[in-house]
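Can you make the complete structure from the sequences, with help from the hints?
Number of protein chains: 4
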Amino acid sequence: MNKKIKAGIIGSTGYAGGELARLLLQRDDVEIVWYGSKSYADQKYGSIYQNMYQMTDAVCGNEDMEALADMADVVFTATPQGLCASLVSESVLSRTKIIDLSADFRIKDVEVYQAWYKIQHPSADFIKEAVYGLPELNRESIKQARLVANPGCYPTCSILTVYPLVKEGLIDPDTLIIDAKSGVSGAGRGAKVDNLYCEVNESCKAYGVASHRHTPEIEEQLSYGAGRPVTISFTPHLIPMNRGILVTAYASLKKDVSDADIREVYHAYYDKETFVRVLPEGVCPQTRWVEGSNYVDVNFKIDPRTRRAVLMGAMDNLMKGAAGQAVQNMNLLFGLPENTGLKQIPLFP
Amino acid sequence: MNKKIKAGIIGSTGYAGGELARLLLQRDDVEIVWYGSKSYADQKYGSIYQNMYQMTDAVCGNEDMEALADMADVVFTATPQGLCASLVSESVLSRTKIIDLSADFRIKDVEVYQAWYKIQHPSADFIKEAVYGLPELNRESIKQARLVANPGCYPTCSILTVYPLVKEGLIDPDTLIIDAKSGVSGAGRGAKVDNLYCEVNESCKAYGVASHRHTPEIEEQLSYGAGRPVTISFTPHLIPMNRGILVTAYASLKKDVSDADIREVYHAYYDKETFVRVLPEGVCPQTRWVEGSNYVDVNFKIDPRTRRAVLMGAMDNLMKGAAGQAVQNMNLLFGLPENTGLKQIPLFP
Amino acid sequence: MNKKIKAGIIGSTGYAGGELARLLLQRDDVEIVWYGSKSYADQKYGSIYQNMYQMTDAVCGNEDMEALADMADVVFTATPQGLCASLVSESVLSRTKIIDLSADFRIKDVEVYQAWYKIQHPSADFIKEAVYGLPELNRESIKQARLVANPGCYPTCSILTVYPLVKEGLIDPDTLIIDAKSGVSGAGRGAKVDNLYCEVNESCKAYGVASHRHTPEIEEQLSYGAGRPVTISFTPHLIPMNRGILVTAYASLKKDVSDADIREVYHAYYDKETFVRVLPEGVCPQTRWVEGSNYVDVNFKIDPRTRRAVLMGAMDNLMKGAAGQAVQNMNLLFGLPENTGLKQIPLFP
Amino acid sequence: MNKKIKAGIIGSTGYAGGELARLLLQRDDVEIVWYGSKSYADQKYGSIYQNMYQMTDAVCGNEDMEALADMADVVFTATPQGLCASLVSESVLSRTKIIDLSADFRIKDVEVYQAWYKIQHPSADFIKEAVYGLPELNRESIKQARLVANPGCYPTCSILTVYPLVKEGLIDPDTLIIDAKSGVSGAGRGAKVDNLYCEVNESCKAYGVASHRHTPEIEEQLSYGAGRPVTISFTPHLIPMNRGILVTAYASLKKDVSDADIREVYHAYYDKETFVRVLPEGVCPQTRWVEGSNYVDVNFKIDPRTRRAVLMGAMDNLMKGAAGQAVQNMNLLFGLPENTGLKQIPLFP
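Going down the list, the protein sequences come from chains A, B, C and D. Just so you know, numbering that gives the first Met the number 0 puts the end of the first sequence at 348, numbered straight through with nothing missing. Just so you know, numbering that gives the first Met the number 0 puts the end of the second sequence at 348, numbered straight through with nothing missing. Just so you know, numbering that gives the first Met the number 0 puts the end of the third sequence at 348, numbered straight through with nothing missing. Just so you know, numbering that gives the first Met the number 0 puts the end of the fourth sequence at 348, numbered straight through with nothing missing.
Don't take each hint at face value.
Identical copies go unnamed one by one, so any copy, or any two together, can satisfy a pair.
To be verified - With a straight-line cut-off of 30 Å between C-alpha atoms, the simulated DSBU-like cross-links for lysine-lysine are:
1) 342 / 5
2) 142 / 166
3) 127 / 254
4) 191 / 37
5) 43 / 271
6) 253 / 342
7) 43 / 3
8) 43 / 117
Note that these hints are calculated values from the structure, not bench results. These figures come from a predicted structure and were not determined experimentally.
Take a look at the structure:
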C-alpha cells in the first residue's frame, strides 16, 4: 500500500468537521493527524463525537496552521468565515494543500465578499489562485490546485440543479427564483436558543430573506454559465430535520424550449457524473433518498400554463454540501478515483 | 342561555373533522348532534380520537344528509371531493345550512373544477349560490349564505398573503410564484405508505408540481382582486411536522412601489381583522407561532436587487386552513362574534 | 364582574413561564401585572413569545419580589432552584400568595433537599408552611395556603399513576421502578449544545440515572401513602418530541390482588377528578392524547407470569406538569372552580 | 477475486429487506440475485427504494424458494412470521443456506412459539437444527449452520445488555425488568393508520404490554445463561424517530456485587467483540451514536439506595437488530471476517 495521505482538520468538532472525520476514519489510505477544535481543546475526540468512540484515541488540539503545514498533506478548514483567510500564506501553501469549507475563497470579487460577509478579507491575494471546488464544473482545475474553496451547501445544490439550463440558454436567468429548504445541521453546532429542539421542531420559517450570504456565490457561478451577470432571488428555509437540502427553482423558459430539450441537457451534463442522478420523468427529488450519501438528485417539471420550468434538486447538506464534497476534492487533489470513500448508499429510513 | 346550535359533521374522523369536533365540543352554545364516519361507523368517537375521551359518548353514524338536514342547524362536510356535491339539494338547503370543507363549491367555473379534479360535478346548479368562505374577503355574503364553500388550506394562506397587493396593484400578478410548505396532517388520515412516519420524517419534497388542485382556487380569487385572469405558479411541499403551512410568494413590484407602500396596504386590510397579524418589520412568519390557533401571520421583504417582493404567510392548516375557518364561517352564519370559540392562543412549544 | 386577580410571573420567558402567560392571557378574570425575566429584561414579551404577539404590550421586568408583593395577588415563580427560596419572607407572604414552580418548597426534609440539589436552603423556615400543590392529594390544604410548592413534572405524573395503589396496599412499594420518558421542553429554554435540535432529534437516552432530583420528591409523597419510607428506582429518558411525559411503572402485586381490584381503586380515586382519566381496559396512555391539556391519562396491565403490575400515565409536562397545575392551584387559592381556564381539549395531531 | 456470493432476498421491500439490499449492494463480493416482494412484484427495485436508484436495474420477483435454492448461495427471508417456515425443506437446505429474519426458528420450544405467535408451525422439525444467530453468543455454531434464526431487534439489544450479568450471576434474573424504546421502522412498512406520521410524531406510548412476542425469545436466551428458566417483564415503547432501540433494564444485584464487578464482566465479554462497545463510566448509551452502524453500546449504573443495577443498551434496530446482524451471520457462514461490509461508522447527526 502507498503512503497514507496525512489529513488535518481545523474545526473538527462542528457538524461538517465531524462528518469529515467520519468519512476519513473509514478510509485505509488516509490518516487524520490533527483534530483541531477551539471549543473542545484537550478533550478526546471520541468523547465529543461518540459515534467514533473507540475508533480514535485522538485528543483535540487548537489551530496551529504553521505546525499543521508540516504535518499534513492536506488541511481541511471547517471554521467560521475569516479564519482560514487569516491562516493562509505562501509558506503554508508551499508545504500543504488547503480545502477550505468556509466562504473565504469562494467569491472572486473581494468587494462582493466583504459586502455580504461584513468582514475585511485578510489575504485577498490568494483569492485568484483558489479554485472553486465544484468538481462537476471545475474538475481539471481542482486537480492542479493548492487552495480549494469548497462550495457552500445551498450553492452546491442550487448550481447543480440550475447551471446546465443557464449555460445552454434554456431558461431566462433574470427570472430565476430559488426557494431552498434545509435541515438544521446547516445551522451549525453552536449553542443558540434559535436552534434548540423545541424552537425548530414542528415549525418552518424563511430566514435571511433577500440577504443570505450564499446568494452572491450562486450568482457568480451562474454568471459564468450565462456569460453575463446574473442576479437571482434566493430564499432559504429551515426545516425540522437533521440533514438535507431541497432546492425548488423557478425560471421562465426561453422560446420553444420543450421538456425533451431540458431532459437532454441534464443527461448530457450528468450521465457521466458519479454523484448527480437525473431522476425519471415525474419523480420529484426527496432528501430522504440521498441522506448520508454524496448524491444530488435532480429533476424538473414544465408548467405549460406559465411557461416556467420548476427545477428541483435534493442533497445531503453535510455530504455533497460540505464534507463529502471536500473529500471528493481531496480525491481529485491526490489523483484518486473521485468516489473513493464516497460510495455510501443513502440511508433510508 | 339561547338554544344551542345543533351541528352535524359528515367526515368527523379525518383530521379536519376531528379538529371541528374538538373546537365545537369546547363550546357551550353548540351541540354536536351527528358524528358521521364511513370508516368508523358504530364505533365510539372518544375511542377513535382519544383526546376527546370522556367528553362525548357519541357513536359514529354514517352519511345520511336527509336525516341530518332535519336534526341539524348546520352540517359540516369534511369529506373527499364529490361527496358533498352529491348530497346537496334544494330540499336539504331549505332545512339546514352547509359548510363544505371539500372543494366541491369553491370554484365558480364548473369546467375548471372538472378539469382539475377529474370528476363530474353532480350538482353544478348550486355552485352559483355557494359563497367562498374566506371571511376576510366575503364576510357579508357569508352571513347570508345557505351553502359555504370553506376554502382550501393552501388557498387560505396564499390568498391572505397575496391578495391585498394584487388588489391594490402593487405587484405584477403575472410574475407571481407561490412556494408553499405544509405539515403532514394536510395529507389526511388515510392509511398510505407515503404518509407513514418513516417515509415523511427526515425528508422534504415537492409534490403536485404544476398540477396541484388548489392552483385554480387561488387563481380565481386573485383574479377577482386583479380584475382580470391571473395565472400563477404554485408548488406545495411536504414538511416533517404535524401542522402548519408556510407560504413564500414571489412577485415583481410595480414601478416605484416602496416598502412603506406594501406595509400600508397590509395594515389597511388587516388591522381590523381578528385573525390576521401583520408582523413587525424584519420578522418572518413561522408556523410555530400560530399552531393550534386561527391566526395567519403575514409579512414581506423587498429585494431591492431584483425588485421583487417576497411575501410570507404562516398558518395552522387544520385551524384557519380548515376547521377553524369553518367555525369562523359558522359564527358568521349564526350572527355570533366571529371569534367565538376561536380565542385559543397558539400553543408553543 | 368581580375584580380581576392580579398575577405576577417571575421567570416568564422559560417554557413553563411562557405556558403560564398563555393560560392566564386567555382569561377574563386574571390580569398579568408582571412579566419577570432576567434574560430578556426590557424586551417586549410578545416579541419573545410571538405566539402572544398583539395580545400583550408588556415589557419584561426583573425580579423584584418586594415590589411585586404589593402589586400582585399571586406571584408565580418559574425560576431555577434557590431563587424563590431567596425571595420569600413573612413580609412578602403577608401581602401576596406564592405559587413556586421550582423545587424549593416541595421537600419537607431540608437535609434531603440540600443533599439532592446541592444548594443551601436560604429560607428553610417556610418549608413547613408550604403546601405540596398536587390538588388530587392536597386539595383542602391548598385552598388555605399562602405558599404552594407546585410539583415537578415527573413527580406529578408518577404520583398520580402510582399513589392510589401504594396507599391502598395493592403493590409492594419496595419493588417500585419508574421508567419515565419526557419531551424536550422539560429541559428548559437555556442555550445548551445537548438540547440543540440535531442532538436530540432521532435519538433516545436515559439521563440522571439513579440520581435525578425528582426521586426524593416522588418518594416523599409515596411514603405518605405507604405510611412508611419508600425508596424507588427512577430513570428519566429524553424523547424527541416537544411536550409530554409518559411514566411506565413496575411493581409486584400484593398477594391475591386482581385486575378488578386495581381498576376499582383507580376509579374510586379518580372518577370524581376533573383532570385524571382512567382509560378503558387494554388502552395504553399516549402523550398525544393529552397534549396541550391539563389531563393525566392512566391505566395498567397485570402481567400474570411475573405477578407484576405495569402502571402507565401520560401527561403534558408544561400543563399538568407545570403551568396548568399552577393555574389549578391558583384557582383553588382564590375559590374558583378548579378547571377555570383549563378546559382545553388536547390538541391532536 | 473469488466467486461472488449469490444472495437472494425474500421480502426485499420491507424496511429490513431494504436495509439488507443496501448493505449487500455496497459489497464487491456479493451479488443480489433475487429481490423478492409480494407487494411490489414486477416493479423496479430502484423505483421503490429510490436511494438505490441507478445501483440496480433489478425488478422485484415473487417468493419462489425452490427456484431460489438453485440460484442463491444464501437466502434471506425478511418476511412475516410463518412464511419462512412454510418454505423450508430438506431439499432447499441441501442446496442453499437460509438466514431467516422472522421469528420462525428462534424459539426452540414449538409450544411456546405457537402460544405467543398464535400460528401453527409448519416445519417444526427444523427448529432443532436452526442456530440462533447472535454471533456474540453462538459464533461457532453459526459457522456450521444451514439455517440461521436471525434474532429479533428487541432481543438482540436486550440480551447483549443483560446476558453477561445473568450468566456470571451478578444479578437476580427473577427481578429483571426490561423497558425498551424503539424507533418506528421496527413497526414495518405496512400502510396502517397507527404508523402514519401524524399518529406517531410528538407522542410516546407503551404497546404489547405483558404480551409482546419478543418476550419468550429474550427469556430463552437468558435461561441458557442462568442455567434455569427465567421469566422477565418486558415492555416495548414506540418513540418518534426512524431508527434505534434503547433498552433500560433493571435488576437487583446479588449480594456484594460492586460496580467494578459488573464493569469487569462487561469488558471480559465484549472487549474482543467488534460490535459491542462498553462505554466509559458515567456515559449513557444513546441511539444517535449507533445509527446506521452495527454497533451496540452498553453501560450501566448501580443505584446504591435500592441495590439495583440499571443496565442500558443502544442499537440501530435495522442494522444490528435486523439486516446488519444478518450480514454478520452471512459473513460467518461463508468464512469471511465478521465485519465485512459492516464497517460503517454511525451517522451523526
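To see whether the hints hold, each was checked on the structure:
With identical chains, the CA atoms of residue 342 and residue 5 are at most 30 Å apart both within one copy (21 Å) and between copies (21 Å). Proximity of residue 142 to residue 166 under the C-alpha cut-off of 30 Å is restricted to the intra-copy arrangement: shortest distance 23 Å within a copy versus 56 Å between copies. In this assembly of identical chains, residue 127 and residue 254 lie within 30 Å of each other by CA distance neither inside one copy nor across copies; the values are 37 Å within and 39 Å between. Taking the closest pair of Cα atoms, residue 191 and residue 37 come within 30 Å of each other both inside a single copy (17 Å) and across two copies (17 Å).
With identical chains, the CA atoms of residue 43 and residue 271 are at most 30 Å apart between copies only, with a shortest distance of 22 Å across copies and 42 Å within one. For the identical chains of this complex, residue 253 and residue 342 are neighbours neither inside a copy (37 Å) nor across copies (49 Å), given an alpha-carbon limit of 30 Å. Taking the shortest Cα distances, residue 43 and residue 3 sit within 30 Å of each other inside one copy (23 Å), while across copies they are farther apart (41 Å). With identical chains, the CA atoms of residue 43 and residue 117 are at most 30 Å apart between copies only, with a shortest distance of 29 Å across copies and 35 Å within one.
Checked against the numbered hints given earlier, this structure breaks hints 3 and 6; the rest are met.
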